[in-house]
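> Produce the complete structure using the sequences and hints provided.
2 protein chains.
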Amino acid sequence: MRIGILGSGQLGWMLILEGRKFGYEFNVLDESRGPAARIADSFYPVSEFRKFVDKCDYVTFEFENVPVEALEYAQSQDKLRPGLDSIVIKKRRSLEKKFLKDNGFKIADYTITDNFEDAVDQAAKFGNAIIKTSESGYDGKGQLHVVDGNYSGDKLEGQEFVVEKFVKFQYESSIMISRDIEGNVASFPPSFNFNYMGKLRHSNSPLEAGQMSEIGSRLVSRLNYVGTMGIEFFFDGRDYLINEFAPRVHNGGHHTLMGFSISQFAQHVLAVSGRNVLQPRQFTPSGIVNIVGREIDDQLTTALLANEETILYNYGKTPRKGRKLGHVNITDKTIEGLRSRISKVEEIIYKGKPELYF
Amino acid sequence: MRIGILGSGQLGWMLILEGRKFGYEFNVLDESRGPAARIADSFYPVSEFRKFVDKCDYVTFEFENVPVEALEYAQSQDKLRPGLDSIVIKKRRSLEKKFLKDNGFKIADYTITDNFEDAVDQAAKFGNAIIKTSESGYDGKGQLHVVDGNYSGDKLEGQEFVVEKFVKFQYESSIMISRDIEGNVASFPPSFNFNYMGKLRHSNSPLEAGQMSEIGSRLVSRLNYVGTMGIEFFFDGRDYLINEFAPRVHNGGHHTLMGFSISQFAQHVLAVSGRNVLQPRQFTPSGIVNIVGREIDDQLTTALLANEETILYNYGKTPRKGRKLGHVNITDKTIEGLRSRISKVEEIIYKGKPELYF
Numbered sequence: 010m011r012i013g014i015l016g017s018g019q020l021g022w023m024l025i026l027e028g029r030k031f032g033y034e035f036n037v038l039d040e041s042r043g044p045a046a047r048i049a050d051s052f053y054p055v056s057e058f059r060k061f062v063d064k065c066d067y068v069t070f071e072f073e074n075v076p077v078e079a080l081e082y083a084q085s086q087d088k089l090r091p092g093l094d095s096i097v098i099k100k101r102r103s104l105e106k107k108f109l110k111d112n113g114f115k116i117a118d119y120t121i122t123d124n125f126e127d128a129v130d131q132a133a134k135f136g137n138a139i140i141k142t143s144e145s146g147y148d149g150k151g152q153l154h155v156v157d158g159n160y161s162g163d164k165l166e167g168q169e170f171v172v173e174k175f176v177k178f179q180y181e182s183s184i185m186i187s188r189d190i191e192g193n194v195a196s197f198p199p200s201f202n203f204n205y206m207g208k209l210r211h212s213n214s215p216l217e218a219g220q221m222s223e224i225g226s227r228l229v230s231r232l233n234y235v236g237t238m239g240i241e242f243f244f245d246g247r248d249y250l251i252n253e254f255a256p257r258v259h260n261g262g263h264h265t266l267m268g269f270s271i272s273q274f275a276q277h278v279l280a281v282s283g284r285n286v287l288q289p290r291q292f293t294p295s296g297i298v299n300i301v302g303r304e305i306d307d308q309l310t311t312a313l314l315a316n317e318e319t320i321l322y323n324y325g326k327t328p329r330k331g332r333k334l335g336h337v338n339i340t341d342k343t344i345e346g347l348r349s350r351i352s353k354v355e356e357i358i359y360k361g362k363p364e365l366y367f
Numbered sequence: 010m011r012i013g014i015l016g017s018g019q020l021g022w023m024l025i026l027e028g029r030k031f032g033y034e035f036n037v038l039d040e041s042r043g044p045a046a047r048i049a050d051s052f053y054p055v056s057e058f059r060k061f062v063d064k065c066d067y068v069t070f071e072f073e074n075v076p077v078e079a080l081e082y083a084q085s086q087d088k089l090r091p092g093l094d095s096i097v098i099k100k101r102r103s104l105e106k107k108f109l110k111d112n113g114f115k116i117a118d119y120t121i122t123d124n125f126e127d128a129v130d131q132a133a134k135f136g137n138a139i140i141k142t143s144e145s146g147y148d149g150k151g152q153l154h155v156v157d158g159n160y161s162g163d164k165l166e167g168q169e170f171v172v173e174k175f176v177k178f179q180y181e182s183s184i185m186i187s188r189d190i191e192g193n194v195a196s197f198p199p200s201f202n203f204n205y206m207g208k209l210r211h212s213n214s215p216l217e218a219g220q221m222s223e224i225g226s227r228l229v230s231r232l233n234y235v236g237t238m239g240i241e242f243f244f245d246g247r248d249y250l251i252n253e254f255a256p257r258v259h260n261g262g263h264h265t266l267m268g269f270s271i272s273q274f275a276q277h278v279l280a281v282s283g284r285n286v287l288q289p290r291q292f293t294p295s296g297i298v299n300i301v302g303r304e305i306d307d308q309l310t311t312a313l314l315a316n317e318e319t320i321l322y323n324y325g326k327t328p329r330k331g332r333k334l335g336h337v338n339i340t341d342k343t344i345e346g347l348r349s350r351i352s353k354v355e356e357i358i359y360k361g362k363p364e365l366y367f
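Taken in sequence, the protein lines are chains A and B. Mapping to my numbering: the first sequence position 150 is 159, numbers consecutive. Mapping to my numbering: the second sequence position 258 is 267, numbers consecutive.
Some hints could be false.
Copies of the same chain are indistinguishable here, so a pair counts whether it falls within one copy or spans any two.
When the alpha-carbon atoms are kept at most 27 Å apart in a straight line, the in silico DSSO-like pairs for lysine-lysine are as follows [claimed, not checked]:
hint: 1; residue 1: Lys164; residue 2: Lys174
hint: 2; residue 1: Lys64; residue 2: Lys110
hint: 3; residue 1: Lys30; residue 2: Lys333
hint: 4; residue 1: Lys330; residue 2: Lys115
hint: 5; residue 1: Lys115; residue 2: Lys88
hint: 6; residue 1: Lys174; residue 2: Lys60
hint: 7; residue 1: Lys30; residue 2: Lys326
hint: 8; residue 1: Lys30; residue 2: Lys360
hint: 9; residue 1: Lys174; residue 2: Lys353
hint: 10; residue 1: Lys326; residue 2: Lys150
hint: 11; residue 1: Lys208; residue 2: Lys115
hint: 12; residue 1: Lys353; residue 2: Lys30
hint: 13; residue 1: Lys150; residue 2: Lys60
These are computed hints drawn from the structure, not numbers from a lab.
Listed below in structure tokens is the structure:
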């Protein structure tokens with residue numbers, strides 16, 4: 010079985026690490042050679058997308074902003090999974106919002122405008138709001154928090170803006186959910202997410218919340234989705250509002266690499282290759298700490314790997330402030346014990362000063 | 010961190026799959042390109058062993074029968090882990106027996122001779138015995154079962170023979186045990202092994218047996234061992250007799266890939282690279298079924314991966330009767346449930362006729 014991955018980042022890297030078990034071959038296409046390219050069976054530059062698609066039995070993606078001509082060609086060859094629909098919706102935030110609203114999913118109030126000044130006026134009406142560019146935003150980029158019409162930082166550049174009313178959430182959470190070509194759906198237990206400066210800092214699972222699996226199941230079925238999807242939620246004290254979804258494996262599901270009968274990555278590879286998804290079983294409370302903006306040198310590696318029930322994933326990327334360079338998987342017998350281990354690992358990585366790295 | 014692996018078989022392949030998480034680089038040396046060579050950062054033919062060793066920070070092995078000059082050169086550069094002692098003892102069965110006996114470990118009665126006819130006479134004295142060639146035997150090769158002086162099959166060729174009294178065991182079992190350069194020892198829970206025609210067919214863990222960890226701990230400490238070791242036992246109803254040990258990761262520990270806080274492979278990579286071993290926690294009953302002599306085609310892959318709590322490891326080797334081509338990891342909430350899943354998976358692979366494949 011030959012799988013093609015559009016994009017060569019760490020998500021592709023983990024898809025390969027997990028998917029190799031099945032004896033699959035992995036080929037990667039990207040503009041430059043990221044972590045996945047270094048362990049793939051072959052690497053193709055973007056210009057060779059036809060050759061790449063022709064070589065693969067199925068093609069998936071690990072990043073939304075991949076060249077549309079490669080996606081379209083893979084779709085035309087009936088090899089793209091998930092299909093073009095979900096990524097087209099996702100590549101434009103206004104389409105995602107509209108899709109979710111039209112299909113009856115609960116989301117924050119929002120408006121759409123093509124003018125930044127108008128976006129600020131709309132935000133002022135919401136009182137507390139976020140302006141997001143409709144395209145190319147992730148990990149807190151292309152976003153601006155506006156309170157009573159005031160904001161700090163540069164104005165956003167873009168063709169279209171989504172103005173979202175700020176949700177006074179009790180917490181943020183996510184689920185990973187998978188669907189196969191026969192329409193079977195398998196949901197991982199939800200996880201609690203702690204986001205910091207627009208990026209996930211740590212997560213832990215399980216989180217009691219039946220509603221999220223039910224919402225996710227409706228969403229992947231509505232999209233006729235094939236593969237694993239990440240869905241982020243705000244819990245406002247009553248409902249789980251969808252913040253956004255990612256039509257791919259997702260940082261919110263890295264904890265499934267440890268303490269589960271199957272990972273989000275293995276599940277995605279199964280679905281993409283036309284096999285059935287499996288109901289995951291969580292063996293033990295499980296979570297992660299992201300390593301952001303902090304070089305994973307020999308000393309840090311030693312300090313992290315000296316902890317029981319702790320596995321390091323080092324993506325091998327060049328350090329840069331705000332960049333995700335790896336993560337640490339952690340388990341424990343209890344959720345309280347897990348939280349305590351997470352705090353300890355955060356202290357080892359950030360020494361009480363995450364603001365220096367995020 | 011650059012790790013060198015002598016040998017390119019499936020054990021090396023799994024060392025790389027597990028060790029890549031830490032951001033390590035893996036280089037492989039072998040006569041031909043096995044599974045590990047296909048996913049390594051680089052491959053060296055045996056003739057280039059000096060260049061290979063010079064490139065690596067540490068060198069380990071995944072197979073006993075690697076060229077001794079490569080082992081010796083790595084040892085001379087202070088890079089070989091585990092050290093030369095344990096592999097020298099292991100490469101000659103008579104030395105292994107003598108070492109175990111001299112150090113007070115319980116083993117089956119045995120004698121050593123350099124003449125096959127004499128070996129048969131000695132075996133006749135034991136009544137029920139096994140003759141083994143002293144070198145190059147594994148997976149039941151180079152062995153002959155002799156009952157009252159009679160045997161079927163060809164006489165064994167060799168320079169030296171070990172004649173072992175047959176142990177009327179209640180069951181066979183094994184442990185994986187690891188030791189780091191500081192002398193810390195971490196043992197995985199023992200597993201029950203079902204061997205068939207000299208090869209492991211399935212295993213399940215945990216097995217209650219404190220004695221084995223204690224014996225293993227004495228053995229790795231006595232050898233000043235660094236890395237993960239596999240030790241096979243016979244339980245005769247009273248004692249655990251050491252059948253043999255392997256100074257490397259081992260088929261008897263593949264179940265640690267699923268349902269554990271750390272695998273035998275990750276543990277080995279930690280120890281070899283000078284880091285501390287961790288106390289493994291077993292989350293749930295866990296076992297494997299070996300896929301021997303049976304092509305892992307698309308149909309078998311689908312049939313195996315359709316089972317909950319089941320992960321396939323396909324080594325990508327060419328099928329041949331008696332050859333290990335892959336294994337299936339299986340977990341369950343209970344040991345009874347696990348045994349039932351194991352039977353189901355065996356039925357899928359062998360359809361009630363393992364003798365056609367082993």
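> All the hints need checking, so say for each whether the structure fits it.
Hint-by-hint comparison with the structure:
no., hint, result
1, Lys164 to Lys174, "within (18 Å within a copy, 84 Å between copies)"
2, Lys64 to Lys110, "neither (39 Å within a copy, 58 Å between copies)"
3, Lys30 to Lys333, "both (25 Å within a copy, 15 Å between copies)"
4, Lys330 to Lys115, "neither (34 Å within a copy, 58 Å between copies)"
5, Lys115 to Lys88, "neither (32 Å within a copy, 59 Å between copies)"
6, Lys174 to Lys60, "neither (45 Å within a copy, 62 Å between copies)"
7, Lys30 to Lys326, "both (24 Å within a copy, 13 Å between copies)"
8, Lys30 to Lys360, "between (37 Å within a copy, 23 Å between copies)"
9, Lys174 to Lys353, "neither (35 Å within a copy, 54 Å between copies)"
10, Lys326 to Lys150, "within (19 Å within a copy, 46 Å between copies)"
11, Lys208 to Lys115, "within (23 Å within a copy, 57 Å between copies)"
12, Lys353 to Lys30, "between (32 Å within a copy, 20 Å between copies)"
13, Lys150 to Lys60, "neither (33 Å within a copy, 46 Å between copies)"
The structure fails to meet hints 2, 4, 5, 6, 9, 13 from the earlier list, while all remaining hints are met.
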